[in-house]
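Residue numbers (the numbering used here), protein chains in the order written: chain L, 1 to 416; chain D, 1 to 416.
Everything labelled a hint here was simulated from the structure, so no lab data went into it. Just so it is clear, the structure is predicted and the values come from calculations on it, not from any experiment. Fair warning: there could be bad hints in the mix.
Remember, identical chains collapse to one label, so a pair may be satisfied in a single copy or spanning two.
As the list claims (entries may be wrong) - Here are the simulated DSBU-like pairs of lysine-lysine, each with C-alpha atoms no more than 30 angstroms apart in a straight line:
| # | residue 1 | residue 2 |
| --- | --- | --- |
| 1 | Lys209 | Lys110 |
| 2 | Lys32 | Lys55 |
| 3 | Lys387 | Lys209 |
| 4 | Lys387 | Lys55 |
| 5 | Lys32 | Lys234 |
| 6 | Lys55 | Lys234 |
| 7 | Lys209 | Lys220 |
| 8 | Lys234 | Lys209 |
| 9 | Lys110 | Lys365 |
| 10 | Lys234 | Lys365 |
| 11 | Lys110 | Lys221 |
| 12 | Lys234 | Lys220 |
| 13 | Lys110 | Lys387 |
| 14 | Lys220 | Lys32 |
| 15 | Lys221 | Lys119 |
The residues making up each chain are set out below.
Protein chains: 2
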Amino acid sequence: MRLIVQKYGGTSVGTPERICNVARRILETQRKGCRVVAVISAMAGVTDQLVKLAKAVSPQPTERELDILLATGEGAASALTAMAVNALGGTAISVTGAQAGILTDHHHTKARIANISPKQIHEMLSEDYIVIVAGFQGQTPEGDMTTLGRGGSDLTAIALAGALNADACQIFTDVDGVFTCDPRVVLDAKKVSEIAYDEMLEMAGSGAKVMQSRAVEFAKKFGVEFEVRSTFTKRRGTITKEETPSMEDVVVRGISLDRHQAKLSIAGVRDEPGMAARIFSNIAAAHIIVDMIVQNASISGTTDVSFTIHEDELENARTILMPVIGQIGAKRLNTIAGVAKLSVVGIGMRSHSGVAARMFECMGKSGINIQLVSTSEIKIAVIIDEKDAERAAQLIHAEFGLARLLASPSATRPLA
Amino acid sequence: MRLIVQKYGGTSVGTPERICNVARRILETQRKGCRVVAVISAMAGVTDQLVKLAKAVSPQPTERELDILLATGEGAASALTAMAVNALGGTAISVTGAQAGILTDHHHTKARIANISPKQIHEMLSEDYIVIVAGFQGQTPEGDMTTLGRGGSDLTAIALAGALNADACQIFTDVDGVFTCDPRVVLDAKKVSEIAYDEMLEMAGSGAKVMQSRAVEFAKKFGVEFEVRSTFTKRRGTITKEETPSMEDVVVRGISLDRHQAKLSIAGVRDEPGMAARIFSNIAAAHIIVDMIVQNASISGTTDVSFTIHEDELENARTILMPVIGQIGAKRLNTIAGVAKLSVVGIGMRSHSGVAARMFECMGKSGINIQLVSTSEIKIAVIIDEKDAERAAQLIHAEFGLARLLASPSATRPLA
Numbered sequence: 001m002r003l004i005v006q007k008y009g010g011t012s013v014g015t016p017e018r019i020c021n022v023a024r025r026i027l028e029t030q031r032k033g034c035r036v037v038a039v040i041s042a043m044a045g046v047t048d049q050l051v052k053l054a055k056a057v058s059p060q061p062t063e064r065e066l067d068i069l070l071a072t073g074e075g076a077a078s079a080l081t082a083m084a085v086n087a088l089g090g091t092a093i094s095v096t097g098a099q100a101g102i103l104t105d106h107h108h109t110k111a112r113i114a115n116i117s118p119k120q121i122h123e124m125l126s127e128d129y130i131v132i133v134a135g136f137q138g139q140t141p142e143g144d145m146t147t148l149g150r151g152g153s154d155l156t157a158i159a160l161a162g163a164l165n166a167d168a169c170q171i172f173t174d175v176d177g178v179f180t181c182d183p184r185v186v187l188d189a190k191k192v193s194e195i196a197y198d199e200m201l202e203m204a205g206s207g208a209k210v211m212q213s214r215a216v217e218f219a220k221k222f223g224v225e226f227e228v229r230s231t232f233t234k235r236r237g238t239i240t241k242e243e244t245p246s247m248e249d250v251v252v253r254g255i256s257l258d259r260h261q262a263k264l265s266i267a268g269v270r271d272e273p274g275m276a277a278r279i280f281s282n283i284a285a286a287h288i289i290v291d292m293i294v295q296n297a298s299i300s301g302t303t304d305v306s307f308t309i310h311e312d313e314l315e316n317a318r319t320i321l322m323p324v325i326g327q328i329g330a331k332r333l334n335t336i337a338g339v340a341k342l343s344v345v346g347i348g349m350r351s352h353s354g355v356a357a358r359m360f361e362c363m364g365k366s367g368i369n370i371q372l373v374s375t376s377e378i379k380i381a382v383i384i385d386e387k388d389a390e391r392a393a394q395l396i397h398a399e400f401g402l403a404r405l406l407a408s409p410s411a412t413r414p415l416a
Numbered sequence: 001m002r003l004i005v006q007k008y009g010g011t012s013v014g015t016p017e018r019i020c021n022v023a024r025r026i027l028e029t030q031r032k033g034c035r036v037v038a039v040i041s042a043m044a045g046v047t048d049q050l051v052k053l054a055k056a057v058s059p060q061p062t063e064r065e066l067d068i069l070l071a072t073g074e075g076a077a078s079a080l081t082a083m084a085v086n087a088l089g090g091t092a093i094s095v096t097g098a099q100a101g102i103l104t105d106h107h108h109t110k111a112r113i114a115n116i117s118p119k120q121i122h123e124m125l126s127e128d129y130i131v132i133v134a135g136f137q138g139q140t141p142e143g144d145m146t147t148l149g150r151g152g153s154d155l156t157a158i159a160l161a162g163a164l165n166a167d168a169c170q171i172f173t174d175v176d177g178v179f180t181c182d183p184r185v186v187l188d189a190k191k192v193s194e195i196a197y198d199e200m201l202e203m204a205g206s207g208a209k210v211m212q213s214r215a216v217e218f219a220k221k222f223g224v225e226f227e228v229r230s231t232f233t234k235r236r237g238t239i240t241k242e243e244t245p246s247m248e249d250v251v252v253r254g255i256s257l258d259r260h261q262a263k264l265s266i267a268g269v270r271d272e273p274g275m276a277a278r279i280f281s282n283i284a285a286a287h288i289i290v291d292m293i294v295q296n297a298s299i300s301g302t303t304d305v306s307f308t309i310h311e312d313e314l315e316n317a318r319t320i321l322m323p324v325i326g327q328i329g330a331k332r333l334n335t336i337a338g339v340a341k342l343s344v345v346g347i348g349m350r351s352h353s354g355v356a357a358r359m360f361e362c363m364g365k366s367g368i369n370i371q372l373v374s375t376s377e378i379k380i381a382v383i384i385d386e387k388d389a390e391r392a393a394q395l396i397h398a399e400f401g402l403a404r405l406l407a408s409p410s411a412t413r414p415l416a
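I would like the entire structure built from these sequences, with the hints used as guidance.
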């Protein structure tokens, strides 16, 4: 019998009605002759409420206790889902992350999975139970509750699918899958039917928030194929898998946009070891997340260092950097808010040359100025003025013929 | 070092501010040179919300899943309390019922404690932790979460106090202790400083809802002394303990009132085996809770059977009983709503004769009609018209000189 691991996100179980809907989907899957393990997130909003309570009793909540507190959200949602399945005539049983055998390290609030031994799940499945697993949770070897950090339920599902050697892993969410671009920006954006792990990772890291990178990395590491699809429709979603030779035929898999970015450039930095560390250690200490970092080639002993952050952090970063500029003897700090990052992703870039040139030419012809460029093997990212962002996405989407890709009925909500 | 087990009820941890108040009390106790284990209930209202959610997804929620769901309430509150203690400079750690070593049978939603092995708590205490225990929870030998039924957190506290051989067990609640009568009814009702287990049991079973009977029974069985006191004041509460010879000097410990009762009398029941069973099995099957049952002595082969229920159940009970009356060949069913049960409790009754006579005389002189009488060794309960209830309580309170008992500053909220 086929074994399917499903994961339902917070929006999918956000109300009692939606929990009943999820229960019906689980039972439909079973009736098709499958055994089902369903991983459940906390009901939408619950985690935020719990965090608010924690902050109301403590300015800096103990992380061990925060894990116990937050894990109650998934515990409650999984028990409710099991009840709903049972109310519809099924036979479901809910388990905690610990009972599911998810052993982690001791890093509370962002624990890493050390080992999975889903003995209890195997037993329950062999007794024909539908097993409902509280997502996001694990347990230390000493029996303390841990949580897996943001997007942890995706990780639970993928890790369990791997450990159980499941035949399929389905991530149910509130979008139809991964799109060639945000359909609100590019009207003829299409759902992608297949995507390689590396592409998914680059998309996820570039504003297309389908899944957290950690879950995708885990899937890649253990070769777990998974499908991202909507809880609210019956449509097929996007399958993320090992790359196949035919995937390289598509030069660009998708385009993603990150808006509300700010660019900071430090000019005249001495080309000496330790300069970058002086700059970025101060930024990191303030928990400001740095995205792109570009350092130009050194000319006459000095270099320019540019990087991007969310524009909300700009004032904070400027305050931190002003004294550093003086200390390291750099010339000046230029900052600009209101920029966007546009990323073009595709493993086909490896075998197709000239992708960057074609992209830059397309933008240049339309008078869109490129302020910063950064590339990986399968991604080209540029910083442009935010007012140009949508037009650039539309132009590049058309240039690489993305709309002609796999047809899919219209999207309910956009993604990439 | 003294070891104190404290229990804080749902009202005591009902808001973040109140949780911080509880944290301060816990730390004060520690600063007096005590080790502290604090048992925490779910925040007021949370359990009701969870039950509502359960009913929204299932007409008859699976009891195993209901336990997992409900236990999240205590899990969250205990984690929040631990955070609050830590935020105030203490060192607290929260544990589940399972980690506290509370092993139960398999009766989900009303599990009985089978064994307690608080090894982890001992270890944590020896490392100078304040241990915060999620109340109401236990675990089966197979590792499934169970809950201990209504008032289960009291039971957790008393059971742990026994197992840890604690020097004191304090039940913090929203009342100042046990009173000689409800101070809203009898203005000069006084807080009782000491009460025997049996008296507490009779008071609890008679409308004075300080603690669930199960917790008191457990305390009696294992000889655990406990104090019921207010979270919101510094006043001493009421200590429940083994009876001492001096306790018998007080004839009446307290008076309690149960209003909104209904009395049902079945006249002309044949004095044969099985008659009572025919009547009450039908009532029990409908989950109607029967309080007093009185059967008069048989005269000429037939007898009258009277009993009391909550008046909200009267219509339901009447519908059930009408056909039964015919089947068993009884004469008729008389029912009356709007009656009250007045109970007079005291272990001193055992050694003082004439308590009932004195009570009846006092009521008779004031024209209060007694409709039903039932007695135990330490309790006399009467059913009277609800309109007479307060006056009767005041008269009897004065008759037995209860106001002259132990002085205590005025009560914030009444109890018995």
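| task | Could you place Lys55 and Lys234 in one of the four classes (within, between, both, neither) given a Cα distance threshold of 30 angstroms? | result | between (40 angstroms within a copy, 28 angstroms between copies)
| task | Please work out whether the CA atoms of Lys110 and Lys221 approach to 30 angstroms or closer within one copy, between two copies, in both situations, or in neither? | result | within (19 angstroms within a copy, 45 angstroms between copies)
| Quick one: Lys234 to Lys220, C-alpha cut-off 30 angstroms, is that within a copy, between copies, both, or neither? | within (26 angstroms within a copy, 60 angstroms between copies)
| said: Reference check for the pair Lys32 and Lys55, CA-CA at most 30 angstroms: within, between, both, or neither? | reply: between (46 angstroms within a copy, 28 angstroms between copies)
| task | Indicate which option fits the pair Lys221, Lys119 if close means a Cα-Cα distance not exceeding 30 angstroms: within, between, both or neither. | result | within (22 angstroms within a copy, 40 angstroms between copies)
| request: If the cutoff is 30 angstroms on CA atoms, where do Lys110 and Lys387 land: within, between, both or neither? Let me know, please. | output: The answer is neither: 37 angstroms in one copy and 63 angstroms across copies each exceed 30 angstroms.
| message | One pair to classify: Lys234 and Lys365, alpha carbons no more than 30 angstroms apart. Within, between, both, or neither? | response | neither (42 angstroms within a copy, 79 angstroms between copies)
| request: Could you place Lys220 and Lys32 in one of the four classes (within, between, both, neither) given a Cα distance threshold of 30 angstroms? | output: Within one copy only: 28 angstroms inside, 56 angstroms across.
| Which holds for Lys387 with Lys209 at a C-alpha limit of 30 angstroms: within a copy, between copies, both or neither? | Within one copy only: 22 angstroms inside a chain, 67 angstroms across chains, cut-off 30 angstroms.
| 30 angstroms Cα cut-off: does Lys32 pair with Lys234 within a copy, between copies, both or neither? | within (14 angstroms within a copy, 64 angstroms between copies)
| said: My question is about Lys110 and Lys365: at a cut-off of 30 angstroms on alpha-carbon distance, are they close within one copy, between copies, both, or neither? | reply: neither (46 angstroms within a copy, 74 angstroms between copies)
| request: First find the shortest C-alpha distance between Lys234 and Lys209 inside one copy, then the shortest across copies, and answer within, between, both or neither for a cut-off of 30 angstroms. | output: Answer is within; shortest intra-copy Cα gap is 21 angstroms, inter-copy 53 angstroms.
Hints 4, 9, 10, 13, counting from the list given before, are not met by this structure.
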